[in-house]
Amino acid sequence: MESVLDIKQLTMDFGGLRALDHIDLDVKAGEIAALIGPNGAGKTTFFNCVTGIYKPTEGDMFICPPGKKRERINGLKPNQVTEKGMARTFQNIRLFQNMTVLENVMMGRHCRMRAGIPGAILRNRATREEEQRVVEESYAILKKIGLAEFVNEFAKNLPYGAQRRLEIARAMATEPFLLLLDEPAAGMNNQETKELDELILRIRSEEKISILLIEHDMKLVMSLSDRIFVMDYGRKIAQGTPEEIKNNPAVIKAYLGEDIDA
Amino acid sequence: MNTIKELKKSFLIALWFMFLTFPIMVIKVNTVEQTIDWRWNRLAMVGIFSFFASWIWRYLLQRKEMGQKRAEESETPTLTFQQRVLQNPKFTRPALVVICIFAAIFPFYFSMYQVNIMTTALIYVILGLGLNIVVGLAGLLDLGYVAFYAVGAYSYALLNVHFGMGFWACLPIGAGLAMLFGIVLGFPVLRLRGDYLAIVTLGFGEIIRLILENWNEFSFGPSGIANIPRPGFFGIKMSIHQSLIYIYFIMVAMVIFTIFVVRRLQDSRIGRAWIALREDEVACQATGIDKTKTKLSAFALGATWAGMGGVVFAAKTTFINPASFTIWESIMILCIVVLGGMGSIVGVIFGAGILILLPEYLRAFSEYRMLMFAAALVLMMVFRPHGIISAVRRTYQFEGSPEKKASS
Ligand SMILES: Nc1ncnc2c1ncn2[C@@H]1O[C@H](COP(=O)(O)OP(=O)(O)OP(=O)(O)O)[C@@H](O)[C@H]1O
Ligand SMILES: [Mg+2]
Chain B
1 MESVLDIKQL
11 TMDFGGLRAL
21 DHIDLDVKAG
31 EIAALIGPNG
41 AGKTTFFNCV
51 TGIYKPTEGD
61 MFICPPGKKR
71 ERINGLKPNQ
81 VTEKGMARTF
91 QNIRLFQNMT
101 VLENVMMGRH
111 CRMRAGIPGA
121 ILRNRATREE
131 EQRVVEESYA
141 ILKKIGLAEF
151 VNEFAKNLPY
161 GAQRRLEIAR
171 AMATEPFLLL
181 LDEPAAGMNN
191 QETKELDELI
201 LRIRSEEKIS
211 ILLIEHDMKL
221 VMSLSDRIFV
231 MDYGRKIAQG
241 TPEEIKNNPA
251 VIKAYLGEDI
261 DA
Chain H
1001 MNTIKELKKS
1011 FLIALWFMFL
1021 TFPIMVIKVN
1031 TVEQTIDWRW
1041 NRLAMVGIFS
1051 FFASWIWRYL
1061 LQRKEMGQKR
1071 AEESETPTLT
1081 FQQRVLQNPK
1091 FTRPALVVIC
1101 IFAAIFPFYF
1111 SMYQVNIMTT
1121 ALIYVILGLG
1131 LNIVVGLAGL
1141 LDLGYVAFYA
1151 VGAYSYALLN
1161 VHFGMGFWAC
1171 LPIGAGLAML
1181 FGIVLGFPVL
1191 RLRGDYLAIV
1201 TLGFGEIIRL
1211 ILENWNEFSF
1221 GPSGIANIPR
1231 PGFFGIKMSI
1241 HQSLIYIYFI
1251 MVAMVIFTIF
1261 VVRRLQDSRI
1271 GRAWIALRED
1281 EVACQATGID
1291 KTKTKLSAFA
1301 LGATWAGMGG
1311 VVFAAKTTFI
1321 NPASFTIWES
1331 IMILCIVVLG
1341 GMGSIVGVIF
1351 GAGILILLPE
1361 YLRAFSEYRM
1371 LMFAAALVLM
1381 MVFRPHGIIS
1391 AVRRTYQFEG
1401 SPEKKASS
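Top line first, the protein sequences correspond to chains B and H.
Read in this note's numbering, the first sequence has 9 at position 9, and its numbers run on one by one without any break.
Read in this note's numbering, the second sequence has 1002 at position 2, and its numbers run on one by one without any break.
Honestly, I wouldn't trust all of these hints.
[What the hints assert, rightly or not] Mimicking PhoX-like on lysine-lysine, the simulated pairs with C-alpha atoms at most 25 Å apart in a straight line are:
#	chain 1	residue 1	chain 2	residue 2
1	B	Lys84	H	Lys1237
2	B	Lys156	H	Lys1064
3	B	Lys156	B	Lys194
4	H	Lys1293	B	Lys84
[As the list claims (entries may be wrong)] Far from chain H by the CB rule (all over 10 Å, computed), these chain B residues:
#	residue
5	Leu17
6	Arg72
7	Ile73
8	Asn74
9	Glu183
10	Arg202
In short, the hints are calculated from the structure, not lab data.
By construction, the Cβ of each residue, glycine as well, lies at the ideal position given by its N, Cα and C atoms.
Whole structure, please, built from the sequences with the hints as guidance.
Below is the structure:
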């Protein structure tokens, strides 16, 4: 099967610290892949490199959106990466706090909209129609994610779990083919985690979006993922199906001292 | 409220203030007779004043905290009284009608002096609304805003001196030149954030002023440019009084136009991008917004409005020199935005009204103007950090969705 994301030998140095050390990783179309590893392993750094926030020291990054040509994304700006169809969420929630929930989702649509300043001032037909369409589409996304009751609430007034889901909604609004989720279950209770589990599966099946997620909740990772990549100290130490990973001695060693409840 | 404890606290604060101000308020050295005057009655005054001031201060703080707690406890975020009033069409429609009628008949019932002051205030309203795009919406702290105001004013003055061009031709040219300056400055500068951006724009404002002051062949230096014509009206000759009224109405029209534009912008694709940029730059980029383009558009648009304001300013005063474009002007406009309420149109209008009109009517206190500004700003920071009028975001209704309004 075709890989939608293909990373080769990705390396990232911060001064003397090698946060990523020749990482190979790929995500296949329609797959849910997980990236796990102890704190400070370099998982978030990996996301930041792939989404253009950091410039990797070495390595090649390719994407292949379904139905399109394979292309290299090294050196693209974050917004260009998003335009190409990769959307992400953040480990420490980064919503637009003083905007309403609906507006947060509408921001995701921004790169799929045309209207410029003249259009905004004149409010011509095309602008009005586009605006109306985006409002409706955004509301539809909120309904799907289960946030419809909060439409006009400020993002900062949402409960924690809802904020995490709003980040996913905003990312979905950019019409991605690949969703990168950085610890989506962090700080969620059992009930919320279960709902998240269902949500992610639904996103994959209904929207045909592939998913790469970073997560510390092993139960969630094991139940969701088709394949798992394990990192430690910037290196990839294992990769495989949940079964293989569970029994991999190197992984167990890396996690020794941390509770692995799977 | 534990009264005895509060009394004791106020008493201690009063003592502390008496001690602190003792050297300057009480002791006065008479250098002629080589004696010291002890002005004990002043000490009593300081004591009584600070006693009651601290009392009121803490009462207000407590009220504010209680208000916050109430807002947190209730399920739906409650709108403040002010927001309810401003969003109630039963109130806003008649208020708008009254304001329009007042604006229309104002110059015919008041003296030239009053019309002049009001025109100045209106110029500051559009400057405030322009800067509000940059600071209030896009969150770019611009301390050199007055530079673009100067560009507008000098465009008109110089084009008139050298080419005899009229007000109406220069208005778009001045605005366009200011926008161009905004873009040219914005390109290198907008990669900076927060404080760095503030310093660089501040420097830019001063550079423009110094150029105008020192490049005599170009700008006529500190002596400035005089005899700038007032706006024409199809070549009809007007008395000074008539043309002041005319400028007043031009400004009213421009304010209405500006409000119209800003209102439409802030709920548009671009306006939302500005606000998102203010909220979180990294998230904004990761959501697919071109940071450079968005910042630049806010910066350039703000500059355009400063340019327009500058052209009108030159036409109104008929004389300009670099002294009109000092850093204080930038700070004044920034105060209007911050005091009024960042991102709020009504707030900026209020801010301009308070900061421009009040000092004119309170001439008696003009020596204490800066002191009062400072006090007002400090009080704002403590009691209303969002400004007098806080911004409200647009809400949307869908079938079956609960009717709620967003408020901060
Ligand atoms: N901008 C930066 N500058 C310098 N060092 C950094 C930077 N970002 C990350 N690092 C370092 O890189 C290493 C990997 O950090 P990273 O945030 O990627 O870990 P992580 O796997 O996401 O951990 P966690 O599970 O705690 O989120 C850490 O040692 C961190 O200190
Ligand atoms: Mg991380």
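Status of the hints after comparison with the structure:
1. B/Lys84 to H/Lys1237: violated (61 Å)
2. B/Lys156 to H/Lys1064: holds (20 Å)
3. B/Lys156 to B/Lys194: holds (23 Å)
4. H/Lys1293 to B/Lys84: OK: H/Lys1293 and B/Lys84 at ~18 Å, within 25 Å.
5. Leu17: Non-interface label stands for B/Leu17: nearest chain H Cβ at 21 Å, farther than 10 Å.
6. Arg72: holds (19 Å)
7. Ile73: holds (14 Å)
8. Asn74: holds (17 Å)
9. Glu183: holds (15 Å)
10. Arg202: holds (21 Å)
Hint compliance for this structure: hint 1 is the single one not met.
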